[in-house]
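**Q** Line order of the protein sequences matches chains A and B. Oh and the first sequence: position 469 is 469 in this note's numbering, straight run, nothing missing. Oh and the second sequence: position 259 is 259 in this note's numbering, straight run, nothing missing.
Among the clues, some could well be false.
What the hints assert, rightly or not - Rough simulated footprint, nothing fancy, chain B against chain A, three-plus residues with beta-carbon under 8 Å:
1. 122-134
2. 236-242
3. 388-395
Stated by the list, open to error - Simulated restraints on C-beta separations:
4. A:LEU142 with B:ILE151: 22 to 30 Å
5. B:ASP136 with A:ALA60: 35 to 43 Å
6. B:ILE151 with A:VAL251: 40 to 48 Å
7. B:GLY209 with A:ARG365: 19 to 27 Å
8. B:GLY94 with A:VAL23: 36 to 44 Å
9. A:ILE143 with B:PRO137: 52 to 60 Å
The set of hints was computed from the structure by calculation and includes no laboratory data. No residue lacks a Cβ here, since even glycine has one placed at the ideal position from N, Cα and C.
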Amino acid sequence: MTAPPDTAAVATRARPTPWWLWVAPGLALLPALVPFTFLMGRVLGSGSRLSDIVLSSQTARLIANTATLVVLVVISTAVIGIGAAWLTERTDLRGRRLWRVVVMLPLVMPSYVIALALLAATGPRGYLSDLAGFTIPAVSGLIGAWLTLTLATYPYVYLAASASLRRLDSAHEEAARGLGAGPWRAFRTIVLPQLRPAVGSGLLVVALYTLSDFGAVSLLRFDSFSRVVYAQYAGRLDRTPAAVLASVLVVLALVVVWAEWRTRGRAAYHGRPVTRPPRLARLSTTGSAVATGLLTALALVSLVIPLGVLVAWASRVSGPVIPWDAMAGSLTAATLAALLASALALPTAVLIARHSSRTTRWVERTAYAVFALPHVTIGLATVFFAARYLGGFYQSLTVLVAVYAAVFFAQALGPTRAALLQVSPAIEEASRSLGAGPMRTIVRITAPTVRRGLVAGALLVFLTTMKELPATLLLRPTGFETLAIDVWSAADSLLYSRAAVPAILLLVVAAIPTYLLTRRET
Amino acid sequence: MVRRSIAAALSLLLLATACGDDGGTTLTIYSGRSEELVGPLLTRFEAETGIAIEVRYASSTDLAATLREEGSASPADVFFAQDPASLGAVAEVGMFRVLTPSILALVPDGFSDRDGLWVGVSGRSRVLVYDAVTLDPSDLPTNADDLLDPIWRGRIGIAPSNASFLAFVAAMILDRGEDATAEWLAGLAANDPQIFSGNSPIVTEVNNGTVAIGLVNHYYLLGLIADQGAATAANHFFPNAGPESLVMPAGVGILTTTDSLGVAEQFVEFLLTAESQQYFAEETFEYPLVDGVEAPASLPPLDTLAHPDLDLSDLATVLDLATDLVAAAGLL
């Protein structure tokens, strides 16, 4: 998710770049870039309609709604993410090893599953209302969307903040304390600024996720961009408004990326490698109780209640029907996307790491730019483009998988490139000088050495493809079901008991790659 | 390992593509009616005839727009839509074949396209669903204009992106003209309605007591009662002929792009058999349109309903305008 570390790439200038290395990133990214360009052309060609729609009061209201939601979610995830990271990394809180795992678990939950649980828990028919014996008001609209997206995305900030705290030398902080600063002042003036680059990139992910979230805002009936783009698409014969609003959403995503880049500035902190464990802050008995209480509340709201509610609703169905078709659909699409993305990431990583040039740096940036594009926009663009130009491939699994691989390509590329940079090019050079061609060298030498990176990338792509909703909704082949689609369509009709079973299955399947990924981290 | 997985990925992709394209024996149905409502009927068609079907479920308007976008490249054979306006939008661009007289003869004139491009399959009425715990029938609006009364502020559920709601707005345009409709929609928007994505969540929430009244089609409540045994919500049939009391058919047409005309015709005929019509009466609680099949007993007879005097084929001509007005009012 975060940009790969900017260590100097080792270039083997002695060998020319084989032309076919350029084919891989092309194959990976063009399925997103070509339809996107087509969409932009269509939007810019819509003449006065374009300015009418962009300047309408409805668009202004959408921008205000979406911006409000993004700002609220960024603030709350920053507080929760940094707070939880400090408690689990820098204090003597009891059970902090367990807490480190617990606060990361919501990564498995797609936003629309949390939204479903929230809807099924509150309101007159809600499960919690039943338990409590009185009606807990239904959580929806801005408050519901804020709560849901905060719970779904704070782990991204937590991950960035805790990794950064672990690497941080506590000497400065201790010096400040020694000079008489209180713990809060030392944290605010010494620790927080050093966390900023990492936390900033975590918050960038949160902001982009919120901006392009479709499932939660749709179910909770909050008019943010993705929901309205889809409503316009599904509810109107004229597709120009949907296309124009989808493009405005892209502009908002660019603004978010630019804002993060501007506030990051040139700040850089070069700590010495940490040689000793940081001194842990001693929590008082009260402090410890409050901290445990807060983390328990977080776990209750983000995990226990959603899971409990889903299980309760699922058990209300007489003999729950396992949606095998949807299960097979999800697994097929996610596996194919993961394989395709990784297969194309390997030669692309070789191109970027071993044949570094201005152009290859652009290839890498493009992969991240495509990753940041809202999925509803990519989905719409592909529908327009495929219906017009792709004939037999229109509404095919091939197009769906190619789009997944394109939008999630950066996730496969990041770990593969990082793994490759840790390997000396000397081994590959040896293979070449012993007479092996470049292709053979990649397959026989490079691939096995970066295996861990490739597998990590494939797992990430698998996980995000499983959870993906708007592009799937727009591009799936006729009759093709996935768990995400099942959850969404049942929840959208308020059929909570029917939505609960595929939602639980989705969490179970998503938990496997998440477990494998976190096990590799630690 | 990597080479093998690349090979596996590529061959799977090829296989996937090949599977998607296995010739003319499969009937591709675009269904604007939800799987919930018509899935079992379509499965029965498959079982009885041995013909493989592929169904794309989405909103009727979405599918009409998709068909227009696809044009001659469309993989669809038939379009089974929720409302005459979506059907008309496809008819308008010349994508429907004229149906055979024997098919058209099965359904009364007012419920099919005047040029025979689509045929009505089942009838449905727009109604007001209301929370019968807190409201008495005498409290309820008697026409669309009563909905603008401030006492309904924040208490009305609507589904503005739903094809049936848009058809109602289109009927209002035909009845009152563009300006009066825009004014009515602005009044509705000012009354802070609750926006839903479809009819069934509105009925659920009215039954829960979280929304007081909702503009929906008549059969969602009957489905809910069949599911749960009873309901605290009730249907109110608007007493006067007006756009709000629109009675319109769900219908089906055969696309010019079909490569299996015989099978497509077989499907349309299947929807109009006594068994299928019985299915609509008993399972989806709609009005059967073919002679000799009884409507659900809990419904007022079709010929007693007040409904506006308009040619359903005209609805499509103002559907774009209807969506524009709904969007301009900030409801879409």
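**Q** All hints, please: hold or fail.
**A** Against the structure, the hints come out as follows:
no., hint, in the structure
1, 122-134, "holds (count 3)"
2, 236-242, "holds (count 5)"
3, 388-395, "holds (count 6)"
4, A:LEU142 with B:ILE151: 22 to 30 Å, "holds (26 Å)"
5, B:ASP136 with A:ALA60: 35 to 43 Å, "holds (41 Å)"
6, B:ILE151 with A:VAL251: 40 to 48 Å, "holds (42 Å)"
7, B:GLY209 with A:ARG365: 19 to 27 Å, "violated (53 Å)"
8, B:GLY94 with A:VAL23: 36 to 44 Å, "holds (42 Å)"
9, A:ILE143 with B:PRO137: 52 to 60 Å, "violated (35 Å)"
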